[in-house]
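Novice: So you can see what is in the structure, the chains are spelled out below.
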Amino acid sequence: MINGKPLAYLDSAATAQKPVEVIDELTRFYTEYNANVHRGVYKISEEATAAYEEARAKIARLINANSPTEIIFVRGTTEAINLVAQSWGRMNVGLGEGIILTEMEHHSNIVPWQLLAKQKGAHLKYVGLTDDGHLVHEDFRQHLELGGSKLVTMTHVSNVLGTINPVREYIREAHKQGCRVFVDAAQSVPHMPVDVQDMDCDFLAFSGHKMCGPTGIGVLYAKKAILEEMPPYHGGGEMIREVHLYESTWRDPPYRFEAGTTNIAGAIGLGKAIDYLSELGLRNIQLHDQELAEYMHDMLGKVRGVKIYGPANPRTKAGVISFNLGDVHAHDMASLLDEDGIAVRSGHHCAQPLMDRLGVSSTTRASVYIYNTEDEIDRLVESVERAGRVFKV
Amino acid sequence: MSSIYSEIILDYYRYPRNKGTLPHAQIHARDTNPLCGDVIEMQLEVDEKNTVKDVKFNGQGCAISQASASMLTELVKGKTVDNVRKISKEDVLSLIGGQLTAVRLKCALLSLKVLKTGVYNYIGSTDATKEELSGL
Ligand SMILES: Cc1ncc(COP(=O)(O)O)c(C=O)c1O
Numbered sequence: 101m102i103n104g105k106p107l108a109y110l111d112s113a114a115t116a117q118k119p120v121e122v123i124d125e126l127t128r129f130y131t132e133y134n135a136n137v138h139r140g141v142y143k144i145s146e147e148a149t150a151a152y153e154e155a156r157a158k159i160a161r162l163i164n165a166n167s168p169t170e171i172i173f174v175r176g177t178t179e180a181i182n183l184v185a186q187s188w189g190r191m192n193v194g195l196g197e198g199i200i201l202t203e204m205e206h207h208s209n210i211v212p213w214q215l216l217a218k219q220k221g222a223h224l225k226y227v228g229l230t231d232d233g234h235l236v237h238e239d240f241r242q243h244l245e246l247g248g249s250k251l252v253t254m255t256h257v258s259n260v261l262g263t264i265n266p267v268r269e270y271i272r273e274a275h276k277q278g279c280r281v282f283v284d285a286a287q288s289v290p291h292m293p294v295d296v297q298d299m300d301c302d303f304l305a306f307s308g309h310k311m312c313g314p315t316g317i318g319v320l321y322a323k324k325a326i327l328e329e330m331p332p333y334h335g336g337g338e339m340i341r342e343v344h345l346y347e348s349t350w351r352d353p354p355y356r357f358e359a360g361t362t363n364i365a366g367a368i369g370l371g372k373a374i375d376y377l378s379e380l381g382l383r384n385i386q387l388h389d390q391e392l393a394e395y396m397h398d399m400l401g402k403v404r405g406v407k408i409y410g411p412a413n414p415r416t417k418a419g420v421i422s423f424n425l426g427d428v429h430a431h432d433m434a435s436l437l438d439e440d441g442i443a444v445r446s447g448h449h450c451a452q453p454l455m456d457r458l459g460v461s462s463t464t465r466a467s468v469y470i471y472n473t474e475d476e477i478d479r480l481v482e483s484v485e486r487a488g489r490v491f492k493v
Numbered sequence: 119m120s121s122i123y124s125e126i127i128l129d130y131y132r133y134p135r136n137k138g139t140l141p142h143a144q145i146h147a148r149d150t151n152p153l154c155g156d157v158i159e160m161q162l163e164v165d166e167k168n169t170v171k172d173v174k175f176n177g178q179g180c181a182i183s184q185a186s187a188s189m190l191t192e193l194v195k196g197k198t199v200d201n202v203r204k205i206s207k208e209d210v211l212s213l214i215g216g217q218l219t220a221v222r223l224k225c226a227l228l229s230l231k232v233l234k235t236g237v238y239n240y241i242g243s244t245d246a247t248k249e250e251l252s253g254l
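For the protein sequence lines, the chains are A and B, in the order given. Residue 101 is where the first sequence starts when you use this note's numbering, and the numbers rise one by one after that. Residue 119 is where the second sequence starts when you use this note's numbering, and the numbers rise one by one after that.
These are computed hints drawn from the structure, not numbers from a lab.
Distance condition first, Cα-Cα at most 20 Å in a straight line; then the derived SDA-like pairs of lysine to any residue:
#1 B:K224 - A:G447
#2 B:K197 - B:N168
#3 A:K492 - B:Y133
#4 A:K105 - B:Q217
#5 A:K492 - B:S124
#6 A:K402 - A:R479
#7 B:K174 - B:R203
#8 B:K137 - A:D427
#9 A:K492 - B:E125
#10 A:K492 - B:D129
#11 A:K118 - A:L380
#12 B:K224 - A:C450
#13 B:K174 - B:V199
Pairwise CB distance ranges, derived in the manner of DEER restraints:
#14 A:S348 - B:K248: 40 to 48 Å
#15 B:P141 - A:D231: 38 to 46 Å
#16 A:L107 - B:D245: 38 to 46 Å
#17 B:D200 - A:M101: 40 to 48 Å
#18 B:S212 - A:Q117: 32 to 40 Å
#19 B:I241 - A:S348: 57 to 65 Å
#20 B:A246 - A:A443: 32 to 40 Å
#21 A:A443 - B:T244: 38 to 46 Å
#22 B:D200 - A:I123: 53 to 61 Å
#23 A:A443 - B:K248: 33 to 41 Å
#24 A:R486 - B:V221: 14 to 22 Å
#25 B:K204 - A:H207: 35 to 43 Å
#26 B:G216 - A:L246: 53 to 61 Å
Derived coverage of chain B by chain A (criterion: at least 3 residues anywhere in the stretch with Cβ under 8 Å from a Cβ of chain A; other residues may be distant):
#27 120-126
#28 144-155
#29 179-190
Backbone N, C-alpha and C fix where the C-beta goes; we use that ideal spot for every residue, glycine too.
With the sequences and hints as input, model every part of the structure.
Specialist: Here it is, written out as structure tokens:
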């Protein structure tokens with residue numbers, strides 16, 4: 101209950117609520133088989149190791165990776181991007197070479213590349229957006245054809261506009277020019293079937309907490325041949341083959357990239373979350389999200405003064421809708437909705453370049469997931485109407 | 119629960135008092151709230167007895183940040199600088215009325231932070247005043 105009203109949680113694009121199955125598994129791990137992995141020879145250590153590696157295998161199956169060795173546990177999407185920028189990027193991107201990004205990226209898929217570009221004297225090149233929030237394909241082609249770019253990095257689904265990008269097509273074109281492609285799948289893997297082999301991406305990342313898993317655990321997928329060539333990101337225990345006083349040798353992937361004691365509980369919890377989502381079926385989840393988003397799009401669109409950003413056709417986007425009402429500031433909107441027990445996000449959504457492109461300082465964002473209902477959307481719409489009356493829009 | 123969006127707040131937001139600039143202001147400060155993008159600028163003109171003769175604010179952002187800035191200008195007009203520095207968080211919050219969440223508190227207190235920054239720059243800042251500002 102929030103402010104005397106039942107909570108309508110419409111902020112799953114920020115983080116998802118956790119099913120009791122996941123919470124119970126965390127408790128079970130900590131109470132029954134808490135031990136470090138890959139170290140002990142005793143029973144519970146073996147149990148923990150098996151559960152940790154089983155989680156890796158579940159992730160590989162979920163995204164159809166060739167092998168669990170292509171799955172690296174990280175803290176989240178942000179760490180995955182930094183890992184690739186500092187390990188693969190430092191080795192492969194040189195002076196004057198290009199990294200292609202899009203104007204709809206989350207800050208976490210901009211700043212690590214800015215850091216790399218500064219270190220190496222590389223250039224960032226942005227693919228622009230149309231007024232209705234799609235990528236300008238022509239920009240992309242031009243950047244590619246100019247040559248000299250080593251990497252394309254783009255989000256699969258926009259966390260602000262809900263735009264689903266045609267990543268498969270972009271990857272095919274990038275590969276023709278010898279460019280590697282990184283896909284930020286933070287907003288797609290939780291909500292739809294994703295097949296890395298079909299997509300043919302070189303790298304892909306997502307966060308456990310946005311898919312009903314714990315915080316502090318996420319995934320970097322990369323093709324095996326690429327991982328094998330990459331130097332370590334962090335040094336420490338578990339990632340080495342042999343350590344001498346002045347030199348060490350590395351283990352094979354994925355362990356090369358998992359230095360120190362990792363988030364074991366998080367990985368096991370994420371494995372449980374994947375069981376939960378798989379049982380529902382990713383295709384069903386996608387349909388459910390889409391139906392609700394379409395309903396929300398229609399109903400919000402009818403409210404006088406509401407402007408919805410991004411694709412006009414809700415069928416071409418995921419369950420994320422950004423809007424503003426007249427000149428009501430997004431923070432005032434979110435506070436008013438909160439008074440009615442409705443949780444939405446307001447602000448720049450970690451995408452300031454996108455806000456600049458839209459010509460606004462902030463938007464209100466409502467996003468849906470498996471547990472949301474039409475009834476909650478009705479309450480959202482009613483509350484937005486109330487905001488219109490309060491602010492006399 | 120009563121809404122923080124009282125008629126008074128909405129009125130100050132729609133029809134801000136003392137909005138504008140003062141070219142001869144001796145006290146001048148500006149700050150932003152990076153979380154929301156709220157911007158507030160405060161300018162104060164004081165006479166030889168250090169009494170605030172005139173005050174203007176400028177800015178953009180949410181209703182809470184803009185209304186509180188406007189209300190604050192009315193509070194400081196006619197006060198001595200010494201009395202302006204004594205204005206507390208609680209004084210501003212009681213002007214606004216209603217319950218604010220921690221995040222919105224930042225919106226409500228941005229104008230006070232800007233005002234105090236300006237005043238302390240004018241009369242000289244100490245470790246204590248720096249600490250006070252970082253608590254706002
Ligand atoms: C598209 C996108 N990329 C990256 C991230 C960053 O994810 P995390 O904060 O879990 O590292 C987010 C989450 O807000 C996102 O929506």
